[in-house]
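So the sequences go chain by chain: L and W.
Numbered by this note's numbering, the letters in the first sequence go through residues 54 to 500 in order.
Numbered by this note's numbering, the letters in the second sequence go through residues 54 to 500 in order.
I should point out that these hints are in silico values taken from the structure, not numbers from a laboratory.
Hints are supplied without guarantee of correctness; some may be wrong.
It does not matter which identical chain is used: a pair holds within one copy or between any two.
[To be verified] Derived pair list, reagent style BS3-like, types lysine-lysine, alpha-carbon separation capped at 25 Å:
| hint | residue 1 | residue 2 |
| --- | --- | --- |
| 1 | K97 | K273 |
| 2 | K107 | K205 |
| 3 | K107 | K249 |
| 4 | K97 | K68 |
Here the structure is a predicted model, which is why all the values come from computation and not from measurement.
Protein chains: 2
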Amino acid sequence: MRVILPEIKELLSSKQRRTIRKVLSYFEPADIAEAWSEFNIDEKLKLFTILNTKVAADIFEFLQEDQMVELLDNLPTKRKVAILNEMSPDDRTDLFAILPTEEVEKLIPLLEPDEQKRARELLAYKGNTAGGLMTTDYITVSENVNVASVMKELRVKAKDIDFIQNIYVVDKVNRLQGIIPLKDLLTTSPQRKVEKVMENYFPNVGLDMDQEDVARVFEKYDIPSLPVLDKLGRIKGVITVDDVIDVIKEETSEDIYHFGATEVTDQYLSASPLNIAQKRVIWLIILALAGFISGSVLEHYSYLLSSIVTLSFFIPILMNTSGSAGTQAATVVVRGLATGEIRLRDIWRVVRKEFFIGILMGIIAGAITALRALVLQSDAALGLTVAIAMIIAIVIATSIGGMLPIIFKKLGVDPALMSGPLIATILDTTTLLIYFNITILLLYRFR
Amino acid sequence: MRVILPEIKELLSSKQRRTIRKVLSYFEPADIAEAWSEFNIDEKLKLFTILNTKVAADIFEFLQEDQMVELLDNLPTKRKVAILNEMSPDDRTDLFAILPTEEVEKLIPLLEPDEQKRARELLAYKGNTAGGLMTTDYITVSENVNVASVMKELRVKAKDIDFIQNIYVVDKVNRLQGIIPLKDLLTTSPQRKVEKVMENYFPNVGLDMDQEDVARVFEKYDIPSLPVLDKLGRIKGVITVDDVIDVIKEETSEDIYHFGATEVTDQYLSASPLNIAQKRVIWLIILALAGFISGSVLEHYSYLLSSIVTLSFFIPILMNTSGSAGTQAATVVVRGLATGEIRLRDIWRVVRKEFFIGILMGIIAGAITALRALVLQSDAALGLTVAIAMIIAIVIATSIGGMLPIIFKKLGVDPALMSGPLIATILDTTTLLIYFNITILLLYRFR
Chain L
54 MRVILPEIKE
64 LLSSKQRRTI
74 RKVLSYFEPA
84 DIAEAWSEFN
94 IDEKLKLFTI
104 LNTKVAADIF
114 EFLQEDQMVE
124 LLDNLPTKRK
134 VAILNEMSPD
144 DRTDLFAILP
154 TEEVEKLIPL
164 LEPDEQKRAR
174 ELLAYKGNTA
184 GGLMTTDYIT
194 VSENVNVASV
204 MKELRVKAKD
214 IDFIQNIYVV
224 DKVNRLQGII
234 PLKDLLTTSP
244 QRKVEKVMEN
254 YFPNVGLDMD
264 QEDVARVFEK
274 YDIPSLPVLD
284 KLGRIKGVIT
294 VDDVIDVIKE
304 ETSEDIYHFG
314 ATEVTDQYLS
324 ASPLNIAQKR
334 VIWLIILALA
344 GFISGSVLEH
354 YSYLLSSIVT
364 LSFFIPILMN
374 TSGSAGTQAA
384 TVVVRGLATG
394 EIRLRDIWRV
404 VRKEFFIGIL
414 MGIIAGAITA
424 LRALVLQSDA
434 ALGLTVAIAM
444 IIAIVIATSI
454 GGMLPIIFKK
464 LGVDPALMSG
474 PLIATILDTT
484 TLLIYFNITI
494 LLLYRFR
Chain W
54 MRVILPEIKE
64 LLSSKQRRTI
74 RKVLSYFEPA
84 DIAEAWSEFN
94 IDEKLKLFTI
104 LNTKVAADIF
114 EFLQEDQMVE
124 LLDNLPTKRK
134 VAILNEMSPD
144 DRTDLFAILP
154 TEEVEKLIPL
164 LEPDEQKRAR
174 ELLAYKGNTA
184 GGLMTTDYIT
194 VSENVNVASV
204 MKELRVKAKD
214 IDFIQNIYVV
224 DKVNRLQGII
234 PLKDLLTTSP
244 QRKVEKVMEN
254 YFPNVGLDMD
264 QEDVARVFEK
274 YDIPSLPVLD
284 KLGRIKGVIT
294 VDDVIDVIKE
304 ETSEDIYHFG
314 ATEVTDQYLS
324 ASPLNIAQKR
334 VIWLIILALA
344 GFISGSVLEH
354 YSYLLSSIVT
364 LSFFIPILMN
374 TSGSAGTQAA
384 TVVVRGLATG
394 EIRLRDIWRV
404 VRKEFFIGIL
414 MGIIAGAITA
424 LRALVLQSDA
434 ALGLTVAIAM
444 IIAIVIATSI
454 GGMLPIIFKK
464 LGVDPALMSG
474 PLIATILDTT
484 TLLIYFNITI
494 LLLYRFR
């Protein structure tokens, strides 16, 4: 796309409408949308006047939010409304969700009556539920017609719908009775009744289902689309798999960012340092304040450090290794909670498992650390102290690291907020307490 | 499904074949597969003898790898081959990829001649490329036939294919010329020539494209399926969006686990602690050894710690806060590299941005720490030292944290291996060095 941009700009300035339409027809809407920022606002408006409504709406759906808003602010009302009428209802709802309410209330009455109804209905659902994900672009047929009349219906409606995988069979009050995959229609005799052809059992979800759970239904059943029903079993919309990809990406991204102790940053390269710092600094302040506690522990036991200076050499490695062991455990558990493998009631199974994992890893890390005390400090008692502290610190680290995300989830807080840095900071305090108390029990009384 | 398990087990022991078939037809294959571990091996084998091949193959495709292998090891050869013939070629290839080569070489010659050819072809592609993801279940038609004959062809072939979205139009040597969405076939006059109906421009990918890039093509164009072409433009297979969901989940999971300094653990609850410890301990050893370096830094400057004991109280908070700031930067950059927003050539933009972010956050964290020194230690000089050390440590932390993942990627190493714990461990050393040197410059000369 980018290679022919100069030519397109040239054509735009010389107003060669037909050639522009022809040239752009060689490109995917997504590719044109990707190059959108290369045009100035005049060129954008000219393009949207020249292209036919369907093509313009296709490109529009792929634009970034700020680019959509820019066009809405500048296009003549008639053109704007034509494009909004043409958009797929779910994408239009996403757009309305980012506009000010007053503007949406001005726009909706301008839409075609059918689209007005759809728009209001979809806007009523929360964005992160099945109702917020679904489109109202789907085809229903009555259960007592035959395949030939379904085909006839299909011929009329198919043009307006991007993605048809199934035909939905409903009773008189719109309750979903069955589904017919499009390809089955083609291989069935036209005289057969719909109710003989349809599949009676099929996955479906309720309007209120959380989008993460919707994504899991898609993954589990490997299906391209999913009907959404209200409490009475009436079909209200259809979710297609491409919308679910966005959900999966969104949810895992959120987990990753939280787990790295930062808020989601959509546009990194174009955001200002101040803007990004704001998203991170709250976490950093929390972590710094939490770090005061370990400072106070050090202060409390400073008499030990003054009398045995070598003790302090092992503080970083103890804090690091236990912090890392805790982060590892938390990573696996946060992930398990996200995929649904680990449930709240598994908390003791997780803690028990992490306890044993901690013992195994603690023995190895303890042995390595003891070796350092023996070789560099030639101090067997110190080596023993450090090794025992390491084993206990790691056992506590893995157990707490595995437990905290589950407790967070139990409290209704995103478990990914139990981030690596937060776990490490919490564990610093426990590790120092363990270290100094083992020192008092073992090393200090023999010095 | 689970609620009627006792009844199904009962039916199995009394060999009521027809009733079993009937009862199981009410459930999705994915639901039956989910409850699979509740059956013992005898029941599993009985079920696979009773069910018809198509249903058995559908369930089989949803089983976990070890469950598939168990069935292959125990089913009579005839039944085993029937199911392998019925499976979709891409799922079968995934199964063959986990079996020993000798076993695959024994199984392939037993397949139907057509399936043998497909199986060998698909096995030749690497699992993580477009060739490894694609299925050979798709329908091609010649460019000079009319829509009616396409429909005829479709009626014959549609039954064997799970997911038909497009018909692929090819020339005499199988080069892809265009695609026809299934729904367009329904709305077009049967007499029209295929070449008049087809879309000439459409996204497509090469056989060797990495699966992560394939997933990005799906995301960008919002399409349900994607043709895979060889270097001469001949169609070799089709990738469907449901396979791409698995890729996206797999790749982000891998990133998350690496970022938490652990290897991917598929089955957490059922794996033994020893098994899980093995996946984590290598990282812990690396981190422990890296921790020796900061221990040596402490040792080198221990004369400072013995003369100013209060210095040590601030070591945990400095290490923590800079470690966390570095983790935040690395999280955002690892994610940006994964989504493609950040490219290798952006390294200096990233470092410059992180430098300024570090200054902003450092001033805040430094002020908090200085306040602690003033309030609890009533030591203004210590406060100044700690604050300056904090600012410099955080600036270095964010800059290094942002830079290292890009350098890893440049070296061809997974940037997510630049994990939070590893960044924190590396930064411990730089933070201690900064702290002690600022102390020597400022605080130590006045005591």
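Verification of the hints:
no.	hint	result
1	K97 - K273	between (42 Å within a copy, 21 Å between copies)
2	K107 - K205	within (23 Å within a copy, 31 Å between copies)
3	K107 - K249	between (37 Å within a copy, 20 Å between copies)
4	K97 - K68	within (13 Å within a copy, 70 Å between copies)
Consistency with the previously given hints is maintained throughout, with no hint failing.
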